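Each chain, letter by letter, is given below.
Number of protein chains: 2
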Amino acid sequence: MELNNVKLAILDIDGVVIKGRTPIPEAVEGIKILKEKGINVVYLTNNSTRPRKRLAELLGDIGVDISISDIFTSSYLTALYLDREADKDVRIFIVGEEGIVFELEEFGFKNLFWSNYEPPIDYVIVGMDRNFNFQKLTYAQQAIFSGARFIATNIDPTFPTENGIIPGGGSIVKAVETASKKQPVVIGKPEIVGLKLILTQFDIRDPEEVILIGDRIETDLIAGKRLGCKTGIVFSGITSKEELEDLEVSWKPDLCGENLLDLLGGDDYEDRI
Amino acid sequence: MELNNVKLAILDIDGVVIKGRTPIPEAVEGIKILKEKGINVVYLTNNSTRPRKRLAELLGDIGVDISISDIFTSSYLTALYLDREADKDVRIFIVGEEGIVFELEEFGFKNLFWSNYEPPIDYVIVGMDRNFNFQKLTYAQQAIFSGARFIATNIDPTFPTENGIIPGGGSIVKAVETASKKQPVVIGKPEIVGLKLILTQFDIRDPEEVILIGDRIETDLIAGKRLGCKTGIVFSGITSKEELEDLEVSWKPDLCGENLLDLLGGDDYEDRI
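Quick mapping for you: the protein sequence lines, in order, are chains A and B. Residues in the first sequence are numbered from 1 upward in steps of one, following our numbering. Residues in the second sequence are numbered from 274 upward in steps of one, following our numbering.
Note that these hints are calculated values from the structure, not bench results. These numbers were taken from a predicted model, which means no experiment stands behind them. There may be inaccurate statements among the hints.
Some, not all, of what chain B presents toward chain A, calculated at C-beta under 10 Å [claimed, not checked]:
1. Asn-313
2. Arg-403
3. Thr-411
4. Gln-415
5. Ile-428
6. Phe-432
7. Gly-437
8. Ile-438
9. Ile-439
10. Ser-444
With a straight-line cut-off of 25 Å between C-alpha atoms, the simulated PhoX-like cross-links for lysine-lysine are [what the hints assert, rightly or not]:
11. A:Lys-182 with B:Lys-454
12. B:Lys-454 with A:Lys-225
13. A:Lys-53 with A:Lys-88
14. B:Lys-454 with A:Lys-241
15. A:Lys-196 with A:Lys-37
16. A:Lys-241 with A:Lys-19
17. B:Lys-454 with A:Lys-19
18. B:Lys-469 with A:Lys-181
19. A:Lys-196 with A:Lys-182
20. B:Lys-454 with A:Lys-181
21. B:Lys-292 with B:Lys-308
22. B:Lys-469 with A:Lys-182
23. A:Lys-181 with B:Lys-308
24. A:Lys-37 with A:Lys-225
25. B:Lys-469 with B:Lys-498
26. B:Lys-280 with B:Lys-469
27. B:Lys-498 with A:Lys-181
28. A:Lys-181 with B:Lys-455
29. A:Lys-32 with A:Lys-7
30. B:Lys-525 with B:Lys-514
31. A:Lys-225 with A:Lys-7
Distance windows between CB atoms, simulated [what the hints assert, rightly or not]:
32. B:Leu-520 with A:Arg-226: 31 to 37 Å
33. B:Gly-538 with A:Ile-165: 38 to 44 Å
34. B:Ser-388 with A:Arg-21: 29 to 35 Å
Cβ atoms here follow ideal geometry from the backbone N, Cα and C, with glycine treated the same way.
Chain A extracted, bound-state conformation (with noise of 0.2 Å):
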């Protein structure tokens, strides 16, 4: 598969570029052929508890030339989303972590609640938060029963850390969903609102310009078949060649390698799938 229409990259950042704390060097490299070719490459993440600046540090310190205006976090884009859709004095209720709060504050909102509540609640946001308890459940189905808007950064089930899997942001989500008996809107991946802002970002109209490389089928390959741009997917992160090879031909990405490089580099990756 040619690149030459191909004017953005979206990459996951774990799995892909790191790995745990650890650079994965050849997706250094890669990125830097992908920029070479004349790519925007922008990085995004589904992990809500991160701020986008320490981000930007990590990559930097590994050697990626980056920006913070680079760096796509669920938390950044669920502000994002917020900013297109709602004045600035809304009343927000978050089940989350600071990662969340941050973001909307940065993009002006004020009227943040999370350990307490203080109704009229014009939107929950829920994503990871290491602090969930019973209390916040109740204040989250209460605010919705009331008629707030329900917004999940990411539906991701578990969490990796470096100490093992912790439940992840989408066990809060599902608890919050199940007591309120309402969907949220997903910003993060496999749903696509957050993919769609960083097109409209990059005034991209035509998804096939875009390619979204990840690690994991059931986020990021999903998300971009569902954008309906070119997909990558590497060996580096969750998804090992064999439950690849499972996935039907439909679901079949048009790119993959052991690693960034690998997925850019030979002529013959058609074949590995």
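Let chain A serve as the given structure and place chain B on it in line with the hints.
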């Protein structure tokens, strides 16, 4: 419909016999009629938080002839289920309130953990828990990842209280289910694991000899239909007559009425559906 061959009536409590803390007088009359017909009457509630003793007292106080062995709560049935399936020395992690702990202790289970977590864990039991938090969610996930069996007392999404509707055990179960990627064995209605235990206790093999009378389509009616027993719906609780009219024919209950007395009373009840 004749009740001649019915040997056992299983009555939901909330919405059928009491509403909040208020007795439904016609229910007390209805229970007398059932007993006069020589039908055994027992009580089944998905609520896992209230001790059976208190429920027996509550019903006794409003004039129901009752003993504690007539009361089946989802936490009692969970303990009964475990008693049939497991040794007394199994290690159990509980996401739930004292009702569950109490019933398990009554059956002789000793290795119970609810605020702390000491692996190995053989069973994770999840029910309504107003002290639910992320730590407990993580413990439950870790235990299930390590091979513990996952049991849910009930999956009611919400929990009606005197002060309004709060999240129910089902919302907590969903969080654990999502984080652990495992489906629980569900004891309460609409599943029939618990109902089957009641039938066993009464040595009933033909479900047609049982009538399940409740006020909720999504728990009582579905459980009764799944078990293949007779079903009755009263309008003294959640479900309205209009909702019943909207049901497909195969899902209609055998009997219905404003309350238990009304349900048993007229000879025109089949025309009401």
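Against chain A, with CB atoms and a cut of 10 Å, does the hint on B:Phe-432 hold up? Holds: closest Cβ of chain A sits about 9 Å from B:Phe-432, inside 10 Å.
When you check the alpha-carbon spacing of B:Lys-525 and B:Lys-514, does it fall within 25 Å? 11 Å, holds
Pair hint outcome, A:Lys-181 versus B:Lys-455 [Cα-Cα no greater than 25 Å]: Since the Cα atoms of A:Lys-181 and B:Lys-455 sit roughly 21 Å apart, the hinted pair holds (cutoff 25 Å).
Is A:Lys-196 close enough to A:Lys-37, meaning Cα to Cα at most 25 Å? Holds: A:Lys-196 and A:Lys-37 sit about 23 Å apart, inside 25 Å.
B:Lys-292 paired with B:Lys-308 [C-alpha distance capped at 25 Å]: Holds: B:Lys-292 and B:Lys-308 sit about 22 Å apart, inside 25 Å.
Verify the proposed pairing of A:Lys-181 with B:Lys-308, using a straight-line Cα cut of 25 Å. 39 Å, violated
Interface hint for B:Thr-411, Cβ within 10 Å of any Cβ on chain A: 5 Å, holds
Is the straight-line distance between the alpha-carbon of A:Lys-196 and that of A:Lys-182 25 Å or less? This hinted pair holds, its Cα atoms lying about 23 Å apart.
Can the restraint linking B:Lys-280 and B:Lys-469 be considered satisfied, given a maximum Cα separation of 25 Å? Answer holds: B:Lys-280 to B:Lys-469 is near 15 Å, not above 25 Å.
Proposed proximity, A:Lys-181 with B:Lys-454 (alpha carbon, max 25 Å): Distance ~21 Å between B:Lys-454 and A:Lys-181 Cα, so the pair holds.
Hint consistency between A:Lys-225 and A:Lys-7 [alpha-carbon to alpha-carbon, up to 25 Å]: 17 Å, holds
Just to be careful: measuring from the Cβ of B:Ile-438 to every Cβ in chain A, is the smallest value less than 10 Å? 7 Å, holds
In this structure, the hints that do not hold are numbers 1, 18, 22, 23, 33, in rising order.
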